[in-house]
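Protein chains: 6
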Amino acid sequence: MELSARNKIRGTITEVKIGSVMAKVAVKIADGTIISSMITIDSVEDMNLKVGDEVFAIVKSTEVMIGK
Amino acid sequence: MELSARNKIRGTITEVKIGSVMAKVAVKIADGTIISSMITIDSVEDMNLKVGDEVFAIVKSTEVMIGK
Amino acid sequence: MELSARNKIRGTITEVKIGSVMAKVAVKIADGTIISSMITIDSVEDMNLKVGDEVFAIVKSTEVMIGK
Amino acid sequence: MELSARNKIRGTITEVKIGSVMAKVAVKIADGTIISSMITIDSVEDMNLKVGDEVFAIVKSTEVMIGK
Amino acid sequence: MELSARNKIRGTITEVKIGSVMAKVAVKIADGTIISSMITIDSVEDMNLKVGDEVFAIVKSTEVMIGK
Amino acid sequence: MELSARNKIRGTITEVKIGSVMAKVAVKIADGTIISSMITIDSVEDMNLKVGDEVFAIVKSTEVMIGK
Numbered sequence: 001m002e003l004s005a006r007n008k009i010r011g012t013i014t015e016v017k018i019g020s021v022m023a024k025v026a027v028k029i030a031d032g033t034i035i036s037s038m039i040t041i042d043s044v045e046d047m048n049l050k051v052g053d054e055v056f057a058i059v060k061s062t063e064v065m066i067g068k
Numbered sequence: 069m070e071l072s073a074r075n076k077i078r079g080t081i082t083e084v085k086i087g088s089v090m091a092k093v094a095v096k097i098a099d100g101t102i103i104s105s106m107i108t109i110d111s112v113e114d115m116n117l118k119v120g121d122e123v124f125a126i127v128k129s130t131e132v133m134i135g136k
Numbered sequence: 137m138e139l140s141a142r143n144k145i146r147g148t149i150t151e152v153k154i155g156s157v158m159a160k161v162a163v164k165i166a167d168g169t170i171i172s173s174m175i176t177i178d179s180v181e182d183m184n185l186k187v188g189d190e191v192f193a194i195v196k197s198t199e200v201m202i203g204k
Numbered sequence: 205m206e207l208s209a210r211n212k213i214r215g216t217i218t219e220v221k222i223g224s225v226m227a228k229v230a231v232k233i234a235d236g237t238i239i240s241s242m243i244t245i246d247s248v249e250d251m252n253l254k255v256g257d258e259v260f261a262i263v264k265s266t267e268v269m270i271g272k
Numbered sequence: 273m274e275l276s277a278r279n280k281i282r283g284t285i286t287e288v289k290i291g292s293v294m295a296k297v298a299v300k301i302a303d304g305t306i307i308s309s310m311i312t313i314d315s316v317e318d319m320n321l322k323v324g325d326e327v328f329a330i331v332k333s334t335e336v337m338i339g340k
Numbered sequence: 341m342e343l344s345a346r347n348k349i350r351g352t353i354t355e356v357k358i359g360s361v362m363a364k365v366a367v368k369i370a371d372g373t374i375i376s377s378m379i380t381i382d383s384v385e386d387m388n389l390k391v392g393d394e395v396f397a398i399v400k401s402t403e404v405m406i407g408k
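Residue numbers (the numbering used here), protein chains in the order written: chain A, 1 to 68; chain B, 69 to 136; chain C, 137 to 204; chain D, 205 to 272; chain E, 273 to 340; chain F, 341 to 408.
Think of the hints as simulated: they come from the structure by calculation, not from any bench.
Hints are supplied without guarantee of correctness; some may be wrong.
Okay, derived cross-link-like pairs now, BS3-like style, lysine-lysine, Cα gap no bigger than 25 Å in a straight line [said to hold, decoys possible]:
1) E:Lys-280 - F:Lys-348
2) F:Lys-390 - A:Lys-17
3) E:Lys-280 - E:Lys-340
4) A:Lys-8 - C:Lys-186
5) B:Lys-76 - F:Lys-390
6) E:Lys-280 - D:Lys-254
7) D:Lys-221 - A:Lys-17
8) E:Lys-300 - F:Lys-368
Cβ-Cβ distance ranges computed for the label pairs, FRET-style [as the list claims (entries may be wrong)]:
9) C:Met-137 - B:Ala-98: 14 to 24 Å
10) D:Thr-218 - B:Thr-80: 46 to 56 Å
11) A:Glu-2 - B:Glu-70: 31 to 41 Å
Even for Gly, the Cβ is constructed at its ideal location relative to N, Cα and C.
All chains should be built: construct the whole structure from the sequences, respecting the hints.
Below, the structure is given as structure tokens:
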């Protein structure tokens, strides 16, 4: 399935921290920046996300701000 | 001012397209990925955003999805 | 690619309205409700979205409110 | 009060899971799809949300992606 | 209808600017701050929003960042 | 750093509640309204957010709805 969200940044999971209903997934991208993602624990389980997985951090364009 | 949004990815503006009330700002990051941002034309004008500017694409963690 | 966003509602595109940088895509779901989506015109063009297409309206769980 | 958010999908709560500060509320809509919503535990308590409640899952148009 | 979004800030509309598919609605709140809202032109028309209207600017808690 | 997010409302932190991965930060603004923010516990720790801090509640325009 193709997705309208335009931003897909390739990286590797460096941390998965399971909370009560939400989980933190950290993804290291090419320039070394760590991307922090907060998703449901349901998705972490269904997708079997774990440290070392090659994934994409995906963001809808309307959610991206610019800092200068 | 320090900001709680955890994701700040450094890059260079490669395109600014002004719409009627919204504008598209494209930012090229280190690995060559283009990040697409949709912000108000008011912010583009106030910040004087233009092609070649060194900026950060900023995203709140709750807005980041994972694709695998 | 599997996506962490948990909400994927099947429907048919009933309207595509191209704006200056954003576009409106309306999707009719099973119970007749029309889902309104605002995405970039870039995505509408890349995905060649048009009236009659079978698609999914996709929403991250943190973006869903409850009304009672 | 009328709300600008255009997407209001009718359904029935099938699960409420209380976390530490966030809660998961699952809503079954007409076609059987389960909508997952992550809201504050404060809202779950104030609105007294519980399994069986007839509610609306509400989403702002700018938060809806399209998958094809 | 009661809404789970916890942040409802009272104010007066000071500007409505209609774009191609999106519209900007500016709301002046008690301390003089102008809140900028980007919603669909469909909502502006359906709700007949105009300068001088007493309204609420409404934001889901997961969308609020902190700056210090 | 200047930020494209247009809405910055000044206030004082009245509550910090640490969850498992997310935290609730409540901010009282000039008219007495309490703004509820859900951010990562990582940000609360890095910014050392605590009751009594003078802060800004910051919201991207595309995240603001209107109620009338």
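(request) Starting from the hint list further up, note which numbers the structure goes against and sort them upward. (result) none
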